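Trainee: Sequence:
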Amino acid sequence: MSNIKFFCFLAAVCIFAAPYYATAQLSEADTDKTSLELLLNTPVSAAAKYEQSVSDAPASVTVITSVEINNYGFQTLQDVFQIIQGFYTSDDHNYTYLGVRGFSRPTDYNNRILLLVNGHALNENVYGSAAIGTELGGFNLASIDRIEIIRGPGSALYGTNAMFAIINIVTQKGKTIDGLEITAEYGSHNFLVGSALFGKKYANGLDVTFSARWADDNGEDIYFAEFDDPSTNNGIAKNMDWDDYYAAFSTVKYGAFSAQLMYSSREKGIPTAAWETLFNSGNTKSIDNHGFAEIKFENKFGNDKQLMARSYIDHYNYEGWYPYEDEILYNSYDATVGNWFGGEAQFLWDISLNNRLTIGSEYQHHRRADYRSWDDDTTYFNQNFPYSIVSLYVQDEFQILHNLSFTAGIRFDKNDQFKSSQMPRGAFVYHPFSTSAAKLVYGEAFRAPNVYETNYDDPLFGFKANPGLKPEKIKTTEIIWEQQFTNQFSGMLSIYRYKMQDLIDQDIDPLDSLIQYRNFSKVQARGIEIQLASRVAKGFNGFINYGYQWTEDVISGESLTNSPAHLVKAGFSYPFFPYVTLSGNMLYETARKTIYGSNTKSYVLMNANLITQLFFDHFRLRLQVRNLLDQEYQLPGGFEHIQSAIVQPRRAFSISLESRL
Numbered sequence: 015m016s017n018i019k020f021f022c023f024l025a026a027v028c029i030f031a032a033p034y035y036a037t038a039q040l041s042e043a044d045t046d047k048t049s050l051e052l053l054l055n056t057p058v059s060a061a062a063k064y065e066q067s068v069s070d071a072p073a074s075v076t077v078i079t080s081v082e083i084n085n086y087g088f089q090t091l092q093d094v095f096q097i098i099q100g101f102y103t104s105d106d107h108n109y110t111y112l113g114v115r116g117f118s119r120p121t122d123y124n125n126r127i128l129l130l131v132n133g134h135a136l137n138e139n140v141y142g143s144a145a146i147g148t149e150l151g152g153f154n155l156a157s158i159d160r161i162e163i164i165r166g167p168g169s170a171l172y173g174t175n176a177m178f179a180i181i182n183i184v185t186q187k188g189k190t191i192d193g194l195e196i197t198a199e200y201g202s203h204n205f206l207v208g209s210a211l212f213g214k215k216y217a218n219g220l221d222v223t224f225s226a227r228w229a230d231d232n233g234e235d236i237y238f239a240e241f242d243d244p245s246t247n248n249g250i251a252k253n254m255d256w257d258d259y260y261a262a263f264s265t266v267k268y269g270a271f272s273a274q275l276m277y278s279s280r281e282k283g284i285p286t287a288a289w290e291t292l293f294n295s296g297n298t299k300s301i302d303n304h305g306f307a308e309i310k311f312e313n314k315f316g317n318d319k320q321l322m323a324r325s326y327i328d329h330y331n332y333e334g335w336y337p338y339e340d341e342i343l344y345n346s347y348d349a350t351v352g353n354w355f356g357g358e359a360q361f362l363w364d365i366s367l368n369n370r371l372t373i374g375s376e377y378q379h380h381r382r383a384d385y386r387s388w389d390d391d392t393t394y395f396n397q398n399f400p401y402s403i404v405s406l407y408v409q410d411e412f413q414i415l416h417n418l419s420f421t422a423g424i425r426f427d428k429n430d431q432f433k434s435s436q437m438p439r440g441a442f443v444y445h446p447f448s449t450s451a452a453k454l455v456y457g458e459a460f461r462a463p464n465v466y467e468t469n470y471d472d473p474l475f476g477f478k479a480n481p482g483l484k485p486e487k488i489k490t491t492e493i494i495w496e497q498q499f500t501n502q503f504s505g506m507l508s509i510y511r512y513k514m515q516d517l518i519d520q521d522i523d524p525l526d527s528l529i530q531y532r533n534f535s536k537v538q539a540r541g542i543e544i545q546l547a548s549r550v551a552k553g554f555n556g557f558i559n560y561g562y563q564w565t566e567d568v569i570s571g572e573s574l575t576n577s578p579a580h581l582v583k584a585g586f587s588y589p590f591f592p593y594v595t596l597s598g599n600m601l602y603e604t605a606r607k608t609i610y611g612s613n614t615k616s617y618v619l620m621n622a623n624l625i626t627q628l629f630f631d632h633f634r635l636r637l638q639v640r641n642l643l644d645q646e647y648q649l650p651g652g653f654e655h656i657q658s659a660i661v662q663p664r665r666a667f668s669i670s671l672e673s674r675l
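Going by the numbering used here, the letters in the sequence shown line up with residues 15 to 675, in that order.
Treat the hints as calculated values from the structure; they're not laboratory data. Careful, some of the hints might be misleading.
Using 30 Å as the maximum straight-line C-alpha spacing, the simulated DSSO-like pairs for lysine-lysine come out as follows [said to hold, decoys possible]:
id, residue 1, residue 2
1, K189, K314
2, K63, K215
3, K489, K428
4, K299, K215
If you anchor each label on the Cβ, the simulated ranges turn out as follows [stated by the list, open to error]:
id, residue 1, residue 2, range
5, L371, Q436, 15 to 25 Å
6, K428, F591, 41 to 51 Å
7, Y237, F271, 50 to 60 Å
8, F315, S573, 50 to 60 Å
9, I373, F271, 13 to 23 Å
10, D364, I529, 50 to 60 Å
11, E312, Q436, 22 to 32 Å
12, L206, L292, 25 to 35 Å
13, Y593, D192, 34 to 44 Å
14, Y237, V81, 31 to 41 Å
Keep in mind that this is a model prediction, so the values were computed, not measured. Cβ coordinates follow ideal geometry from the N, Cα and C atoms, glycine included.
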């Protein structure tokens with residue numbers, strides 16, 4: 015623990031002492047251009063479905079900008095959440111999982127979080143999963159303008175899945191990119207990456223962007239003590255952690271019309287012998303493909319009305335390959351296919367100078383949401399479960415006083431598979447001073463049971479369906495204080511409490527010993543989040559944050575699995591030399607309980623990123639080190655693993671050359 019205290023102390027000293035040195039090098043004019051406007055008026059659009067400042071948003075909001083993505087060298091959303099207070103990740107070498115405020119159920123595929131790109135939902139329709147790792151196909155983060163992270167329930171505007179957080183990726187405009195960027199990267203374990211980013215706004219007003227990223231990662235050989243036997247290669251999974259993926263994304267905007275398209279694909283080796291598959295078998299893998307297309311019309315009518323209408327189509331498919339041995343070698347497979355389309359219309363009306371009304375409606379038809387399970391000889395399950403959702407939402411923002419506003423909203427969802435859901439929320443936002451914001455937020459959210467939880471039935475493999483599942487619900491209350499102390503320093507404090515009921519979890523029926531998803535858990539939690547940040551123009555940027563989260567299963571009285579009580583994160587970015595910027599971030603977390611009752615060890619994870627400014631007007635070098643201290647650590651696995659905790663990646667290096675044409 016003494017080492018942890020030292021790292022935290024060192025991070026705090028670096029973050030909050032260095033700005034004085036940086037400020038001394040700035041002119042008075044530079045200092046005046048610092049973070050007051052940047053921090054208090056940073057735009058965010060996902061909190062209320064229209065653009066407003068972070069300080070006015072009726073929620074606890076964090077915005078990660080393109081500058082931070084570049085300086086820290088983030089490559090996936092998983093990297094981003096290593097610096098965000100109240101969030102933590104898990105990785106089982108197949109999928110990446112995101113925990114929020116102490117809640118992350120084993121192998122839930124992030125289905126209690128809503129992931130958006132420019133307002134378009136990316137959660138698929140069979141498991142409800144949200145991809146935050148390479149399973150998103152290596153979405154090129156260089157194309158991103160900002161990432162909006164909205165904490166708390168969001169079902170009052172977005173419906174199902176928006177229980178703990180909404181994550182909205184806002185991409186750059188062609189006018190901002192204004193050219194072509196090409197990047198080549200090489201790293202440890204023969205990690206090869208190529209990416210491209212293009213953007214342009216033409217004289218006729220047409221704005222176009224295109225981004226793509228491809229990666230081939232051999233991965234490292236991993237030792238699992240649970241398989242330490244000569245018959246299983248002494249516990250070493252060799253050449254099994256490979257990862258191949260690519261993604262392409264494009265936007266087009268002309269006047270009031272816009273369109274966006276995305277396609278991503280990933281094929282991943284599974285080294286953990288999950289689901290009791292053969293250990294160290296090269297045939298164990300998963301495949302994920304996801305694509306969508308959307309067209310949108312958005313226009314103002316006069317000074318007080320705005321209409322948005324959009325239509326979209328989505329596709330998702332997954333395949334899993336699992337080798338087994340039962341006298342003979344054979345392969346087992348499962349697959350899902352999801353196809354759906356929908357549309358949304360939203361009307362925004364400024365009824366008066368102090369009253370803004372938002373009314374919207376959305377329709378989705380999921381014509382294909384199927385699951386299939388088979389082996390070389392037999393098909394065990396093969397069914398499609400189409401469904402439709404009709405939604406109506408209303409929200410009103412009323413300015414009670416010049417510095418006090420109240421926002422209230424509710425959404426009605428009619429899913430033809432379940433009863434209707436009505437989810438309200440309300441928030442007071444008070445600005446006692448121009449540099450302060452106090453918020454009182456209450457919200458409710460739900461998650462409808464997904465196709466797999468409700469319908470999967472395969473007694474041979476120990477599962478049975480439960481068509482009687484109900485949506486699970488959450489109620490959250492939160493108090494937030496946001497403060498700009500000086501032109502260089504800001505802070506945030508949040509105290510929250512939430513209660514969940516009808517939580518959907520796996521249970522074993524004592525009558526037949528079959529696994530079934532049931533509404534039987536209740537959860538309560540409370541916590542606190544604190545962040546201090548320093549931001550000096552053309553100089554030092556830094557932060558340190560802390561999160562405490564207490565969770566409890568109400569029925570058993572025990573703390574939740576995969577729920578660290580304490581999270582400490584810190585980071586800095588500073589141009590130590592005229593043409594070189596050094597960035598680093600540190601993460602410390604305490605133990606997590608596994609599903610087998612054991613505890614992981616607390617750990618410190620540090621990353622470093624060194625990037626040059628453009629040289630010869632076209633080129634830039636980047637050197638990156640992940641897990642700088644080569645920390646050995648493990649994180650909890652799921653029910654499909656023999657391992658109670660999964661070994662995590664060791665230190666890795668990469669170097670990249672970026673060219674701008």
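Trainee: Evaluate the given range 50 to 60 Å for the C-beta pair formed by D364 and I529.
Mentor: holds (53 Å)
Trainee: Starting from the range 13 to 23 Å, see whether the pair I373 and F271 falls in it by beta-carbon distance.
Mentor: holds (22 Å)
Trainee: Does 22 to 32 Å hold as the CB distance between E312 and Q436, or does it fail?
Mentor: Cβ of E312 to Cβ of Q436: about 27 Å, so the range 22 to 32 Å holds.
Trainee: Can you let me know if the beta-carbon spacing of Y593 and D192 is within 34 to 44 Å?
Mentor: violated (22 Å)
Trainee: Falls inside 50 to 60 Å, the C-beta gap from Y237 to F271?
Mentor: holds (55 Å)
Trainee: Note whether the CB distance of K428 and F591 lies within 41 to 51 Å or breaks it.
Mentor: violated (60 Å)
Trainee: Tell me if the straight-line CA distance from K189 to K314 falls inside 30 Å.
Mentor: Measuring from Cα to Cα gives roughly 21 Å; hence the hint holds.
Trainee: Is it true that the C-beta distance of F315 to S573 lies inside 50 to 60 Å, as the hint says?
Mentor: holds (53 Å)
Trainee: Does K215 lie within 30 Å of K299 when you go C-alpha to C-alpha?
Mentor: violated (42 Å)
Trainee: Given a hint of 15 to 25 Å, does the C-beta separation of L371 and Q436 actually sit inside it?
Mentor: Because 19 Å falls inside the window, the suggested range holds.
Trainee: Given the hint of 31 to 41 Å, is the C-beta distance from Y237 to V81 inside that range or not?
Mentor: Holds, at about 39 Å.
Trainee: What's the verdict on K63 and K215, does the C-alpha distance respect the 30 Å limit or exceed it?
Mentor: holds (26 Å)
In the structure shown, a violation is registered for the earlier hints numbered 4, 6, 13, in ascending order.
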